[in-house]
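Participant: One-letter residues, chain by chain:
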Amino acid sequence: MVTGPIYVDGAQPGDALKIAVLSMLPRVPYGVVSSRHGKGALARTPSDGAPDGITLDEVMPPVATDGRSTGDPTRYGNVSVFTPVRRGRKGVPSGVMKRGGSGSVTFPLRPFMGIMGVAFTSASGLTDPLLNSIPPTLGGGNIDINLLGVGATFYLPVFTEGTLFYTGDPHHAMGNGEVALTAMEGSLRATFRLTVCKPGSGDAPSVAFHYPFAETPEAWVPIGLSDPDGSGAAR
Amino acid sequence: MNDLDIAMRRAVVNALDFLEHDHGMDRAVAYAYLSAAADFKEHFAD
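Residue numbers (the numbering used here), protein chains in the order written: chain A, 1 to 235; chain B, 1001 to 1046.
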């Protein structure tokens, strides 16, 4: 789900928007991790072979359970793991998954929004491929950086008056690589402080006036995108 | 094909084998667990 846009008073093209992540409260005590559509780090190639470095036996989802050719989504072999949230060690909210017959594994939640963005281009209509919400662009969007939880700051260039901030794709936790395709997806109540930074003010890193940039309490986070203007989405 | 992608796939398969055979996790659940909870890091050797 994506929500917005939010018009930010005073934001003009050439400015940078500073997005401070103030809180990320889980709204439900569960999330879901999915491996779908035959995607993920160990997926078969488009020609149904094994990707370089692994064998067909090692492909996930297993070739024997991949029923995508049936055209029936209930037989695709998709896997969605329902993941309850419990208070773990020292009261830290944790995701819980099954281990063996009766055991479990837990991991601490690190909630963040996968999508944080601003309007960055104009298009002919609501379904124009340039407005595809999947690929991240110079206007941010589906940036999926698990460092951007509470305490982090995300910076985006402003392309239009009011900048039109939007956010969505809440994650309770995500491992780097997101190997099965998705994070632990679950509803969050997110609170941000939005600040307009003017060029030359020193209020934002210089890069942030033309490219997404981020910082955490521990680190600066330079970002690189493979298709920054979203043109690949239109191909 | 990027060598790091090959190394990454091998790391994921080895992690799945470990969770399934040493810890009794269902392989599909282990895959989901890695997706939500494990950080895979790439490193250039030179």
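For the record, the hints were derived by calculation from the structure and aren't laboratory data.
One should not assume that every hint holds.
[Claimed, not checked] 25 Å max Cα-Cα, derived SDA-like pairs, lysine to any residue:
| no. | chain 1 | residue 1 | chain 2 | residue 2 |
| --- | --- | --- | --- | --- |
| 1 | A | K39 | B | F1018 |
| 2 | B | K1041 | A | T65 |
| 3 | B | K1041 | A | P129 |
| 4 | B | K1041 | A | P108 |
| 5 | B | K1041 | A | G202 |
| 6 | B | K1041 | A | V28 |
| 7 | A | K39 | B | A1038 |
| 8 | B | K1041 | A | G149 |
| 9 | A | K98 | B | H1023 |
| 10 | A | K39 | B | I1006 |
| 11 | B | K1041 | A | G200 |
| 12 | B | K1041 | A | S34 |
| 13 | A | K98 | B | E1042 |
| 14 | A | K98 | A | W220 |
| 15 | B | K1041 | A | N146 |
| 16 | A | K90 | B | D1039 |
| 17 | B | K1041 | A | A50 |
| 18 | A | K98 | B | I1006 |
| 19 | A | K39 | A | G202 |
| 20 | B | K1041 | A | G4 |
| 21 | A | K98 | B | D1022 |
| 22 | B | K1041 | A | L131 |
| 23 | B | K1041 | A | W220 |
| 24 | A | K90 | B | I1006 |
| 25 | B | K1041 | A | A64 |
[Claimed, not checked] Simulated DEER-style distance windows between Cβ atoms:
| no. | chain 1 | residue 1 | chain 2 | residue 2 | range |
| --- | --- | --- | --- | --- | --- |
| 26 | B | A1007 | A | P29 | 16 to 24 Å |
| 27 | B | D1003 | A | G10 | 20 to 28 Å |
| 28 | B | I1006 | A | P5 | 27 to 35 Å |
| 29 | B | N1014 | A | S201 | 23 to 31 Å |
| 30 | B | D1039 | A | L225 | 14 to 22 Å |
| 31 | A | D227 | B | D1039 | 22 to 30 Å |
| 32 | B | D1003 | A | I6 | 40 to 48 Å |
| 33 | A | P135 | B | D1005 | 14 to 22 Å |
| 34 | B | A1007 | A | E161 | 42 to 50 Å |
| 35 | A | S231 | B | A1007 | 24 to 32 Å |
| 36 | A | T70 | B | F1040 | 26 to 34 Å |
| 37 | A | P217 | B | D1039 | 32 to 40 Å |
| 38 | A | I134 | B | F1040 | 15 to 23 Å |
| 39 | A | K198 | B | D1039 | 17 to 25 Å |
Idealized CB from N, CA, C, for every residue including glycine.
Participant: Work down the list of hints and note, for each, if the structure agrees.
Facilitator: Results of checking the hints against the structure:
Our distance criterion of 25 Å between C-alpha atoms is met by K39 (chain A) and F1018 (chain B), whose separation comes to about 22 Å. Distance check on the hinted pair: K1041 (chain B) and T65 (chain A) sit about 29 Å apart at the alpha-carbon level, beyond 25 Å; violated. Our distance criterion of 25 Å between C-alpha atoms is broken by K1041 (chain B) and P129 (chain A), whose separation comes to about 32 Å. Note on K1041 (chain B) and P108 (chain A): the hinted pairing holds, with a Cα-Cα distance of about 19 Å set against a maximum of 25 Å.
As the CA atoms of K1041 (chain B) and G202 (chain A) are separated by approximately 33 Å, the hinted pair breaks the 25 Å bound. Taken as a hint, the K1041 (chain B) and V28 (chain A) pair is broken in the structure, with Cα atoms around 30 Å apart against an allowance of 25 Å. Using a Cα cut-off of 25 Å, the hinted pair K39 (chain A) and A1038 (chain B) holds, with the two alpha carbons roughly 18 Å apart. Note on K1041 (chain B) and G149 (chain A): the hinted pairing holds, with a Cα-Cα distance of about 19 Å set against a maximum of 25 Å.
Straight-line distance between C-alpha atoms of K98 (chain A) and H1023 (chain B) comes to about 10 Å, which keeps the hinted pair within the 25 Å bound. At most 25 Å may separate the alpha-carbon atoms for a hinted pair to count; K39 (chain A) and I1006 (chain B) meet this at roughly 16 Å. The straight-line distance between the Cα atoms of K1041 (chain B) and G200 (chain A) is roughly 36 Å, outside the 25 Å bound, and the hint therefore fails. Between K1041 (chain B) and S34 (chain A) the CA atoms are separated by roughly 21 Å; this keeps the pair inside 25 Å, and the hint holds.
For the hint pairing K98 (chain A) with E1042 (chain B), the CA-to-CA distance comes to about 28 Å; that exceeds 25 Å, so the pair is violated. This hinted pair does not check out: K98 (chain A) and W220 (chain A) have alpha carbons roughly 36 Å apart, beyond 25 Å. At most 25 Å may separate the alpha-carbon atoms for a hinted pair to count; K1041 (chain B) and N146 (chain A) meet this at roughly 13 Å. Straight-line distance between C-alpha atoms of K90 (chain A) and D1039 (chain B) comes to about 22 Å, which keeps the hinted pair within the 25 Å bound.
For the hint pairing K1041 (chain B) with A50 (chain A), the CA-to-CA distance comes to about 22 Å; that is within 25 Å, so the pair holds. With a C-alpha separation of about 29 Å, the suggested pairing of K98 (chain A) with I1006 (chain B) is violated against the 25 Å cut-off. Our distance criterion of 25 Å between C-alpha atoms is broken by K39 (chain A) and G202 (chain A), whose separation comes to about 42 Å. Annotation: proposed proximity of K1041 (chain B) to G4 (chain A) is violated, straight-line Cα distance about 33 Å (limit 25 Å).
With a C-alpha separation of about 14 Å, the suggested pair K98 (chain A) and D1022 (chain B) falls inside the 25 Å cut-off, and the hint holds. At roughly 31 Å between alpha-carbon atoms, K1041 (chain B) and L131 (chain A) are farther apart than 25 Å, so this suggested pair is violated. Distance hint between K1041 (chain B) and W220 (chain A) is fulfilled; the C-alpha atoms sit about 18 Å from each other, no more than 25 Å. Between K90 (chain A) and I1006 (chain B), the direct Cα distance comes to roughly 38 Å. Violation of the 25 Å bound is thereby established for this hinted pair.
Straight-line distance between C-alpha atoms of K1041 (chain B) and A64 (chain A) comes to about 30 Å, which puts the hinted pair past the 25 Å bound. Range check, A1007 (chain B) to P29 (chain A): Cβ separation about 37 Å, and the 16 to 24 Å hint is violated. A hinted range of 20 to 28 Å is violated for the C-beta pair D1003 (chain B) and G10 (chain A), which are about 48 Å apart. Our hint of 27 to 35 Å for I1006 (chain B) and P5 (chain A) is violated, since their Cβ atoms are close to 41 Å apart.
The given range of 23 to 31 Å is broken by N1014 (chain B) and S201 (chain A), whose C-beta atoms sit roughly 49 Å from each other. At about 21 Å, the beta-carbon gap between D1039 (chain B) and L225 (chain A) stays in the expected band of 14 to 22 Å. A beta carbon spacing of about 24 Å between D227 (chain A) and D1039 (chain B) agrees with the range 22 to 30 Å that was offered as a hint. Evaluation of the 40 to 48 Å hint for D1003 (chain B) and I6 (chain A) yields a pass: the beta carbon distance comes to about 43 Å.
The hint said 14 to 22 Å for the Cβ distance between P135 (chain A) and D1005 (chain B), and at roughly 19 Å that hint holds. Against the hinted window of 42 to 50 Å, the Cβ-Cβ separation of A1007 (chain B) and E161 (chain A) comes to about 46 Å, which satisfies the hint. Distance hint for S231 (chain A) and A1007 (chain B): a CB-CB separation of about 30 Å, consistent with the stated range 24 to 32 Å. A beta carbon spacing of about 32 Å between T70 (chain A) and F1040 (chain B) agrees with the range 26 to 34 Å that was offered as a hint.
Range check, P217 (chain A) to D1039 (chain B): Cβ separation about 18 Å, and the 32 to 40 Å hint is violated. Taking 15 to 23 Å as the suggested C-beta distance range, the pair I134 (chain A) and F1040 (chain B) conforms, at roughly 21 Å. A hinted range of 17 to 25 Å is violated for the C-beta pair K198 (chain A) and D1039 (chain B), which are about 36 Å apart.
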